[in-house]
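**Q** Sequence:
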Amino acid sequence: MGYLHGKAIMEISPLSMELRRSTNAISSREITCDEETSYGFSTRIDCNSSRYVMKDESVIIESPGFGGMFGYPPSTACQWNFHSRNSCNLEIQCSKFRLNDLLCMDFMEIQDDKGWVHRYCGLKSPKNSQLGPTITIKFSSNSWPKFPLVGFRCRINCRNDEDWKSSKGPPSPKTEITTSSNCTCGVVGRPRVPKIINGTSTFPNEFRWMVALIQTNEILPFCGGALINSRYILTAAHCVYGKTSSDLNASLNYDAHYSNITRILLDMHQIERIIIHPKYNDFRLDYDAALLKLKKPLDLDFRAHVPICLPSVGYGADDYANVNVTVAGWGITNDGKNAYVPLQKVNMTVLYDSVCRELYPMRKIKPEKLCAYSPYKDSCEGDSGGPLMIAQNYRKGSVYTHIGIVSSGIGCAQVDRPGLYIRTTELVSWIRISAKDGRFCRI
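Using the working numbering, read the sequence shown as starting at 1 and increasing by one per residue.
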């Protein structure tokens with residue numbers, strides 16, 4: 001962040017102390033006169049508050065100690081809850097934003113009404129984003145001493161949809177592909193019983209879009225995949241590169257039947273066609289993505305098979321940074337020990353692209369790739385092709401969206417070696433064209 005590390009010797013006079021007290025007194029006023037805008041005077045909201053925001057109203061939030069010489073104190077915890085009135089949508093703009101950047105341990109976290117959680121640290125502030133009628137903003141700092149002049153000041157506005165559409169805003173969160181109203185994507189199964197490194201077993205049919213790719217005349221999976229509509233599976237290109245459709249089969253309920261070979265064979269689906277992404281590079285694993293077309297379409301109305309949801313297109317490189325995600329697969333569960341277990345899942349965190357490039361200095365991390373990491377947990381051999389997923393909250397509960405394909409990495413669960421995934425947002429346009437004869441489900 002460009003901070004000067006080391007010790008600084010400062011002599012604080014009684015006059016400077018008085019000025020600091022005066023500055024803090026001014027910054028704690030309820031009405032901030034220097035923030036007059038087209039919305040009128042902005043009201044400052046204290047830490048740990050809840051408030052309704054009217055249309056065209058503007059409120060200000062600040063980190064504790066903002067404007068003072070030493071910034072916010074260690075071990076700070078703040079939360080603001082905002083709710084809109086008059087059917088307007090809340091948005092956030094930060095005029096000042098500078099937090100300690102070490103491992104993102106000081107951060108602002110924003111949760112919108114759909115359950116999306118984004119974390120911001122360092123100099124990366126929330127951009128002008130419409131967040132919906134309800135948002136929760138959290139600020140947390142660790143127990144370490146702080147650098148001077150750190151903190152944030154942000155404005156929360158409430159605007160109607162027409163105002164937002166007339167300005168330059170983010171893409172709509174809804175996908176534009178043709179969908180069916182008779183089925184819903186991304187819905188997890190209900191538990192009937194209470195290559196992932198150090199993962200947790202899923203319950204049978206928890207992720208009903210998970211696909212085990214099995215070579216012909218074999219019984220154990222060699223790669224994973226995800227059902228995206230009634231006819232197509234999304235997987236990694238390196239799993240199927242050089243193979244023909246007759247070389248492999250797909251098992252869609254493998255996690256429920258893994259102990260019953262007969263049932264596995266009965267629920268095996270043949271592949272009609274393999275579609276490799278046109279930009280795939282087998283050496284660098286660029287655009288490591290492929291679609292598998294099933295010979296027979298699935299009937300999605302009975303909900304035995306539920307496709308995973310696809311994301312929108314047009315998101316920036318760091319839109320998922322610091323978001324909690326889940327990866328699932330049947331691969332190796334301890335690095336180098338290929339023992340079979342049921343479907344495993346691991347919770348991870350998406351890293352900023354800049355951090356990913358620092359951890360992989362010899363590799364060119366292109367825009368279609370992202371890194372995800374959790375200490376001593378990882379996807380591994382046999383998990384390739386499986387989905388990196390994010391849970392979003394909707395009115396009917398949580399649904400899962402596919403945001404990445406398990407692709408590559410250095411070892412498994414190695415310190416400072418995150419897994420590399422192919423961004424699904426970079427693939428959606430290609431998927432729409434290539435899989436358009438399949439039936440998609442609505443969110």
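Honestly, I wouldn't trust all of these hints.
[Claimed, not checked] Okay, derived cross-link-like pairs now, DSSO-like style, lysine-lysine, Cα gap no bigger than 30 angstroms in a straight line: (1) Lys279 - Lys243; (2) Lys55 - Lys138; (3) Lys127 - Lys296; (4) Lys96 - Lys55; (5) Lys296 - Lys279.
[Said to hold, decoys possible] Here are the in silico distance ranges between beta carbons for each label pair: (6) Met54 - Phe302: 18 to 26 angstroms; (7) Leu123 - Pro361: 33 to 41 angstroms; (8) Lys364 - Pro278: 57 to 65 angstroms; (9) Phe302 - Thr244: 29 to 37 angstroms; (10) Lys364 - Pro342: 31 to 39 angstroms; (11) Trp430 - Met105: 32 to 40 angstroms.
Bear in mind the hints are in silico, worked out from the structure with no lab data behind them.
Glycine included, each C-beta is placed from N, C-alpha and C at the ideal position.
**Q** For the pair supplied as a hint, lysine 96 and lysine 55, confirm whether the alpha-carbon distance does not exceed 30 angstroms.
**A** holds (24 angstroms)
**Q** Would you say the C-beta atoms of lysine 364 and proline 342 sit inside 31 to 39 angstroms of each other?
**A** holds (37 angstroms)
**Q** Measuring from beta carbon to beta carbon, are phenylalanine 302 and threonine 244 in 29 to 37 angstroms?
**A** holds (31 angstroms)
**Q** Against the 30 angstroms threshold, does the CA-CA distance of lysine 127 and lysine 296 hold or violate the hint?
**A** This hinted pair is violated, its Cα atoms lying about 45 angstroms apart.
**Q** Looking only at beta-carbon atoms, does the pair tryptophan 430, methionine 105 fall within the given range of 32 to 40 angstroms?
**A** Distance hint for tryptophan 430, methionine 105 holds at roughly 38 angstroms.
**Q** I want to verify a distance hint. Is the separation of the beta carbons of lysine 364 and proline 278 within 57 to 65 angstroms?
**A** violated (19 angstroms)
**Q** Take the C-alpha atoms of lysine 279 and lysine 243, compute the straight-line distance between them, and say whether it is at most 30 angstroms.
**A** Distance ~18 angstroms between lysine 279 and lysine 243 Cα, so the pair holds.
**Q** 18 to 26 angstroms was suggested as the range; check whether the CB atoms of methionine 54 and phenylalanine 302 agree with it.
**A** violated (47 angstroms)
**Q** Mind checking the hinted window 33 to 41 angstroms against the Cβ distance between leucine 123 and proline 361?
**A** violated (22 angstroms)
**Q** Taken at face value, is the distance from the CA of lysine 138 to the CA of lysine 55 at most 30 angstroms?
**A** holds (23 angstroms)
**Q** Hint check: lysine 296 vs lysine 279, CA-CA at most 30 angstroms. Holds or violated?
**A** holds (28 angstroms)
Hint check: violations occur at hints 3, 6, 7 and 8; the rest are consistent with the structure.
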